[in-house]
Amino acid sequence: NAGVMQNPRHLVRRRGQEARLRCSPMKGHSHVYWYRQLPEEGLKFMVYLQKENIIDESGMPKERFSAEFPKEGPSILRIQQVVRGDSAAYFCASSVTDGSNQPQHFGDGTRLSIL
Amino acid sequence: AQSVAQPEDQVNVAEGNPLTVKCTYSVSGNPYLFWYVQYPNRGLQFLLKYITGDNLVKGSYGFEAEFNKSQTSFHLKKPSALVSDSALYFCAVRDPGGGADGLTFGKGTHLIIQP
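So the protein lines, in turn, are chains A and B.
Residue 1 is where the first sequence starts when you use my numbering, and the numbers rise one by one after that.
Residue 116 is where the second sequence starts when you use my numbering, and the numbers rise one by one after that.
Note that these hints are calculated values from the structure, not bench results.
The beta-carbon is built from N, C-alpha and C at its ideal position, and this holds for glycine as well.
Just a sample of chain B residues kept apart from chain A, beta carbon distances all over 12 Å, derived: (1) Lys137; (2) Ser141; (3) Asp169; (4) Ser185; (5) His190; (6) Pro230.
Each computed PhoX-like pair below joins lysine-lysine, with the alpha-carbon atoms no more than 25 Å apart: (7) Lys44/A - Lys222/B; (8) Lys62/A - Lys222/B; (9) Lys192/B - Lys164/B; (10) Lys222/B - Lys173/B; (11) Lys173/B - Lys137/B; (12) Lys27/A - Lys164/B; (13) Lys173/B - Lys192/B; (14) Lys71/A - Lys51/A; (15) Lys44/A - Lys137/B; (16) Lys164/B - Lys44/A.
Have a look at the derived ranges for each label pair, beta carbon to beta carbon: (17) Ala2/A - Ser199/B: 20 to 30 Å; (18) Pro155/B - Lys27/A: 24 to 34 Å; (19) Asn132/B - Ser66/A: 40 to 50 Å; (20) Arg157/B - Arg15/A: 26 to 36 Å; (21) Glu123/B - Glu63/A: 35 to 45 Å; (22) Lys62/A - Thr135/B: 39 to 49 Å; (23) Gly16/A - Thr187/B: 40 to 50 Å.
All chains, full assembly: derive it from the sequences and hints.
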């Protein structure tokens, strides 16, 4: 499958635990975006990364959330000390360039549930 | 700041009839506009985009959209609906002149095609 791969598809955590969401972009894509989707709402932009660089994190909550896209391996979205309000679907998208006219290709998401 | 409005939470259309899903936008400059479709428990699939040029854009699965600058609209259309078109549709905008690097999405419109 040459598409954007996200894992796990479903993740359950208890309040206070850490959640790590992984995203492997499409082959040949070096630009990664993370979005959060709450029930009955559209996707909200969180962060845009290129290899080893955070380009735009204007949509990231200031605390507990962090993202990285290392030189080797997948992009990681990390949520520390999760709370009930973090329950959502988290989607990763990738594009081949940073041109704003390029479509972003989405993975199937990670559905995070906080007990 | 850029924004997108999808005024209809749900659109019901009989199979074989034409369909329209409405979208209006607000950006400071010339917009880049996108339509995506989401099936249950899946990520978003790219349908079509408007960047520049012809106001009528043709995309995947027989869908098309018309860019109307004076009305700041980008409605999605299809001449003859199929039951398999039933899904959640998102309009998105990106302002190439500034703002966040991610897409700004509308809240989505449920399209239901009745046999």
